[in-house]
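**Q** Starting from the structure of chain A, add chain B where the hints point.
One letter stands for each residue in the lines below.
Protein chains: 2
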Amino acid sequence: MSVDIDPVLEDCRSSIDNIDAALVHLLAERFKITKRVGEHKAKVGFAPSDPDREAVQIARLRNLAAESGLDPVFSEKFLRFIVDEVIQHHKLA
Amino acid sequence: MSVDIDPVLEDCRSSIDNIDAALVHLLAERFKITKRVGEHKAKVGFAPSDPDREAVQIARLRNLAAESGLDPVFSEKFLRFIVDEVIQHHKLA
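Those protein sequences? They're chains A and B, same order as listed. Heads up: the first sequence begins at 23 in the working numbering, then just goes up one per residue. Heads up: the second sequence begins at 23 in the working numbering, then just goes up one per residue.
Bound-form chain A, shown alone (with noise of 0.2 Å):
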């Protein structure tokens, strides 16, 4: 059978669409906030980066990912990605 006509493979890829297009709209959402905290710390002479606060970022996301069944190594990998770009649109910006 051709993988394009397959209908395991179907069904599969379409939830897998339906997923990526609700993490695109979660990130941009994500994106937002995280720009109108950077303007605020800037207005308001915060830092812009916070450890401490990053290591419970950290720790929470690690128990949320092995509640969900989610490798809590790769959740702490997803939230350095996503922070890195933050800090990475705070330089160009």
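These aren't lab readings, by the way, just hints derived from the structure by calculation. Keep in mind the model is a prediction, meaning the values are calculated, not measured. Heads up, some of the hints might be wrong.
Stated by the list, open to error - Here are the in silico distance ranges between beta carbons for each label pair:
| no. | chain 1 | residue 1 | chain 2 | residue 2 | range |
| --- | --- | --- | --- | --- | --- |
| 1 | A | Asn85 | B | Ser37 | 15 to 23 Å |
| 2 | B | Ala69 | A | Lys54 | 34 to 42 Å |
| 3 | B | Ala88 | A | Ala88 | 33 to 41 Å |
| 4 | A | Arg58 | B | Lys65 | 41 to 49 Å |
| 5 | B | Arg58 | A | Lys99 | 18 to 26 Å |
| 6 | A | Arg58 | B | Glu89 | 16 to 24 Å |
To be verified - In silico DSSO-like cross-links for lysine-lysine, where the CA-CA straight-line distance does not exceed 30 Å:
| no. | chain 1 | residue 1 | chain 2 | residue 2 |
| --- | --- | --- | --- | --- |
| 7 | A | Lys54 | B | Lys99 |
| 8 | B | Lys57 | B | Lys99 |
| 9 | A | Lys99 | B | Lys99 |
What the hints assert, rightly or not - If the Cβ cut is set under 10 Å, some of the chain A residues that face chain B in the computed set are:
| no. | residue |
| --- | --- |
| 10 | Val25 |
| 11 | Thr56 |
| 12 | Lys99 |
Glycine is no exception: its CB is placed at the ideal position from the N, C-alpha and C atoms.
**A** Just chain B, lined up with the frame of chain A:
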């Protein structure tokens, strides 16, 4: 004012935390499905990766990103990050 009691920051951080929890749960679900895809492909004899499908996914996500105000370049980086993790898990499995 301290970072800990700034109401604007507190409000933004609580939204970021909600979004991150949603992201983790969606990613957990996505990996469940890609695991099923990997097992099915192995059983049926399809190649593990499908560059044509990936090209379609990237084009679609870039469009969704542009519509939702997310940097399309980031959406592509994001998909690559996720797909690399899927491939990594296949290798480890």
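**Q** Next step is simple, just say for each hint if it's right about the structure.
**A** Do the hints match the structure? See the list:
1. Between A:Asn85 and B:Ser37, the C-beta spacing of about 19 Å keeps the proposed range 15 to 23 Å intact.
2. Range check, B:Ala69 to A:Lys54: Cβ separation about 39 Å, and the 34 to 42 Å hint holds.
3. With their beta carbons about 35 Å apart, B:Ala88 and A:Ala88 fall inside the hinted range of 33 to 41 Å.
4. Distance hint check: the CB atoms of A:Arg58 and B:Lys65 are about 48 Å apart, consistent with the given range 41 to 49 Å.
5. Checked against the given bound of 18 to 26 Å, the beta carbons of B:Arg58 and A:Lys99, roughly 22 Å apart, stay inside it.
6. At roughly 20 Å, the beta-carbon separation of A:Arg58 and B:Glu89 lies within the given 16 to 24 Å, and the hint holds.
7. Restraint check for A:Lys54 and B:Lys99: satisfied, since their Cα atoms lie roughly 18 Å apart, inside the 30 Å limit.
8. The hinted pair formed by B:Lys57 and B:Lys99 meets the criterion: a straight-line CA distance of about 21 Å does not exceed 30 Å.
9. Under the criterion of a C-alpha separation no larger than 30 Å, the hint pairing A:Lys99 with B:Lys99 is consistent with the structure, at around 14 Å.
10. The interface hint given for A:Val25 holds, since its Cβ lies 6 Å from the closest Cβ of chain B, which is under the 10 Å cut-off.
11. The beta carbon of A:Thr56 is positioned within 10 Å of a beta carbon in chain B (closest approach about 7 Å), and the interface hint is therefore held.
12. Residue-level restraint check for A:Lys99 holds (minimum Cβ-Cβ distance to chain B is 8 Å; threshold 10 Å).
Violated hints: none; the structure is consistent with every hint.
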